[in-house]
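Asker: Here is what each chain is made of, one letter per residue.
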Amino acid sequence: MKINLITGFLALLMLFSNKSKAQSFPSGKDIAQKTHEKNEGVSMSRKLTMELKDKRGKIRLRETISLRKYFGKEKRLAIFYQTPKSVQGTAFLTYDYPDVSVDDDQWLYMPALRKTRRISAANRGDYFLGTDLTYEDIKLETRISREDYNYKTVRKEMIDGQECYVLEGTPVSKEIAKELGYGKVKFWVDAKIWMLRKADSWDIAGNHLKTIEIKDIKKVQNIWTYHKIFAKNHKTNHETTFLISEIDYQTTISDDTFTKEAMVNGL
Amino acid sequence: MKNENQKATNFFKYVTSKYKIILLLSIIVMTGVALFIPKMTKDTSYDAFLPKDDPVLTFRNKTKETFGLKDPMVIAVVNEEGIFNKKTLDLVQKLSEQLKTVPGVDPDQITSLWTENNIVGTYDGLQVDPFYELDDLSDDKALKVKSAIEDFELYQGSLVSKDQTTTLILAEMLDSYGKRQHEVYKSIMTLLEQYKSYDEKLYLAGEGAVSGYLIKYIDEDAMKTNPFAAIVISIILIFAYRRVRGVVLPNIMVLASVGIALGAMAGFGVDFFVITNGLPVVLISIAVADGIHILGEYYEAAAKHPNFSQRELVLYTMSNMWRPITITSVTTIAGFLAVSVSSYMPPMTYFGLFGALGVFAALVYAIFFIPSALMLLKPQTSRAYKVDQKVDRFGKLMELVGKFVVKYPKFILAMAVVIIGLGINGASHLEINEDRIKNFQSDEPIVKADALINLKTDGTSYLDIFIETPENEDIFEPENLKKMQALQTYAETLPHVKGSVSIVDFLKKMNQSLNENNTDYYIIPSDRDLVAQYFLLYSASGDPTDFDNYVDYDYRLANIRLRLDTGEYKYEKPVVDSINKYIEHHFNSDSIQATTTGKVTVDAYWINRLGFNHFLGAGLALLVVLIFSSLSFRSISAGLLTIIPVSISVLFIYTVMGILDIWLAVGTSMFAAIAIGIGVDFAVHTVDRLKFLLSDQGLPIQEAYLEFYKSAGRALLFNFLALALGFSVLMVSSVPPLSQFGFLVAVAVSVSFIGSMTLLPAIILVTKPKFFSPE
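For the protein sequence lines, the chains are A and B, in the order given. First residue of the first sequence: 19, per our numbering; consecutive thereafter. First residue of the second sequence: 1002, per our numbering; consecutive thereafter.
Treat the hints as calculated values from the structure; they're not laboratory data. Cβ atoms here follow ideal geometry from the backbone N, Cα and C, with glycine treated the same way. Hints may contain errors.
[What the hints assert, rightly or not] Straight line, CA to CA, 25 Å or less: simulated DSS-like cross-link-like pairs of lysine-lysine: (1) Lys-192(A) x Lys-1101(B); (2) Lys-196(A) x Lys-1439(B); (3) Lys-196(A) x Lys-1095(B); (4) Lys-1145(B) x Lys-71(A); (5) Lys-65(A) x Lys-246(A); (6) Lys-196(A) x Lys-1087(B); (7) Lys-1163(B) x Lys-196(A); (8) Lys-1711(B) x Lys-1404(B); (9) Lys-250(A) x Lys-1071(B); (10) Lys-1063(B) x Lys-71(A); (11) Lys-250(A) x Lys-1065(B); (12) Lys-1095(B) x Lys-192(A); (13) Lys-1071(B) x Lys-253(A); (14) Lys-1101(B) x Lys-250(A); (15) Lys-253(A) x Lys-210(A); (16) Lys-1163(B) x Lys-1095(B); (17) Lys-192(A) x Lys-1142(B); (18) Lys-1063(B) x Lys-253(A); (19) Lys-1483(B) x Lys-192(A); (20) Lys-1095(B) x Lys-1197(B); (21) Lys-1071(B) x Lys-76(A); (22) Lys-73(A) x Lys-1711(B); (23) Lys-1063(B) x Lys-76(A); (24) Lys-192(A) x Lys-1499(B); (25) Lys-1499(B) x Lys-1509(B); (26) Lys-1483(B) x Lys-103(A); (27) Lys-202(A) x Lys-1071(B); (28) Lys-202(A) x Lys-1142(B); (29) Lys-1088(B) x Lys-196(A); (30) Lys-87(A) x Lys-278(A); (31) Lys-1087(B) x Lys-253(A); (32) Lys-1065(B) x Lys-76(A); (33) Lys-1509(B) x Lys-133(A).
[As the list claims (entries may be wrong)] Over 12 Å on every C-beta distance to chain B, these chain A residues come out as not near it, computed from the model: (34) Asn-57; (35) Arg-74; (36) Arg-135; (37) Ala-280.
Next up, chain A with everything else stripped away, as it sits in the complex:
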């Protein structure tokens, strides 16, 4: 009887271990790498509407034209404000260098001052133009960092009807945690097209900080493209919605568009 019990138990154990083998997931590192291999085209123009909502439900609506172009591995991004009228003509330009040790360059052109002003190299965890997204979020878009976190792939979940890997990440060091402003993150990465669909983050003290959802992912000119980002800060109850339309990867954008001079002239 005793022996029977033990063999039964062993059989059960083997069954389970087999099962977990069948369920083994790609490592976080591999998933992160895959998100970086996705085709993003060389240049892109789009209409970006930022809807910012404070905790009392008051809304600031800003319509912009956003242009992006890769110069080799260097990414340049220009945002031209169209509304509200008071900031019409204001332009934001950033050079995002592949070398992490080099600070990115950023400028803002203010038509009312008729001057372009450099913005100090922001912390990666600083908020981007009054939104709930950080400079780091804007830089990575649908990718996830390869260096900043130790990942653990925990399970698969469905997001918007698509299968996603769920990754839990903790910053590799205290310094990185402080720089990013996160003590813990959780990512949902699409298992087929390797795009980030959802991200949750916690602050260093462990409070739930933010949820970001990347929505309406559709193919545009054969490139998987998101059309909406929703971000909510759980601590301040501030919300940001990015609505993206008129996406075009094919128009050629002149290199000169990404210069301080071009900012002054506008589009």
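Chain A is fixed; fit chain B onto it per the hints.
Answerer: Structure of chain B alone, referenced to chain A:
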């Protein structure tokens, strides 16, 4: 009269026949209601002084809500050698970070040199950065922080004192912790204790801290005053009757009165306010008086009629005593209700209401419980009342008073006229004033912290000015910004206004920073769009919520926050008045409107009502007492006689307040109505008894007076001692308004007693009113 007495006797026959049920019911009601007491919540905030739906209060709450303003705990870090060194800045960082972990503190709402950002212009841009980072903090870096602050006018006086020896750390509480401020206060005090050995001295004050500490403070005070009052009263009872039942029975009445009043308060969800702390002591003193009169009569009867059975004694006592006891209780209730009706402030309204309930409970227990309890016992005599009618020394003392009155009635009348004259003069010079910090004794650490912060920095009293424009982004309009600037400039010329902050200050700083830090550009930007673009630029490196306290999300509403170095009404009121006048004449237009609000405005508004409410309450109490005693004596002249001693006692107090420089404030303003309600009892007993002796019994004046002083006079003396000593117990309270209240009522009651014992009989002697003539 005879008929009435018969009715009363029948009534008490019924009561004594059901004494077991009555005793049982008495205990059930008393404990049942008192069981609610542990549910009592405390509210020591200054908001408590206005009804929740008051327009001034709701507007201030709307302003707080719009701009996320709270009453912070303020920690002052003081280093007499200057704060700009590595060690002190290190301490500021440590405290700021540790505060974030204190339960109840909102970790995102800590404001200090460590958390705030500096706005610096660079040769081609704008930088928004923390004043310092921990990694590169050195004494040299600390000096850079010093010059940054010297360059940032906004933070001078508000974050760092102008003499640079003090810097503040402000901590806001989470909304969910609203009523547990005292716990947060305690945790922060414990945190600060850890740094006791440091050279830097740490102080904790601010509105949040004051409210938090007050809760603990009044608790400790109640633990001290209430038992003390009970002991004092018991000693008086021992002296009066030298019998166990003479001490125990009145004490049970006291328990019933206090238990029912406080239990009902808790049961109805009424908060316990600072002045509520005085209520138990007040009720103890009042409730015991009924017991004294009943037992006095009982022992006198027992001495006179040794053959009476216990039931006969009880019936005799109660049918003689129910009338004066009911009259005096009703007048006392009238005094409390006058406070309740005349006051606009919930703490006083409830003090009056539940005080009245407590007195009513004492009356009901005197009528039902005392005779029932006596039925359980055997007849007993007191050594204080001997069969041979020999008068004890207290009776003798009163006889002396009687002899004096009969001999010098005119002298007494003259004295009264002098007191009236002085009192009217005093009343016209009353100073209406209030300061919440005065709820603590002057040697309390929080009082010292408050004084230090007010001395070194711009202060801890806030006056907010709510700015409204018609359309979104209208705040950007340079004309509007200039108006706000002019208003700030004007406000800062007013006494006690030490500083002001608005979005204008930040815009000026940004303008300067974007123009190569040239101080000539510390001005309002000239163009509406430029302002909008500055905010956008700021958002490229600052936090999206950085300006929440000063401008709303639509840029349609703004807040100007003034800081005053005083919380005293008499200084706050003129500031609010001046600013309101300025707003009306120089500010408001179709394109911009301003409204004063904030703690200072709310103070100025409600304390302003104190004076009016005080005189209204006193007048109302007098009127009710007059009507009631006129009706019960069926004579207006008798009614007028009864209110003479209390009127004089109140006038006397005005003189005392003038001499001792006591403010007419929240606590003290209630004295008059309550002193009238209580003090009139002596006059009621005096008139009642003298009428009985002179008119009903038809005794000659000399004889009647002698009889009056040695019997009723003696009982009134103990009644007076119980009241005066009971209220004096409040004087040991650590809460100055309560101790002043206790002092004033004790003095007023003394004057009423002396007046009733001297002036009243003197008037009757001199004028010989018809009311007292033999039938």
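Asker: Checking against the hints above, which ones are violated?
Answerer: As far as the earlier hints go, 2, 4, 7, 15, 19, 22, 24, 27, 28, 31, 35, 36 are violated by this structure, in ascending order.
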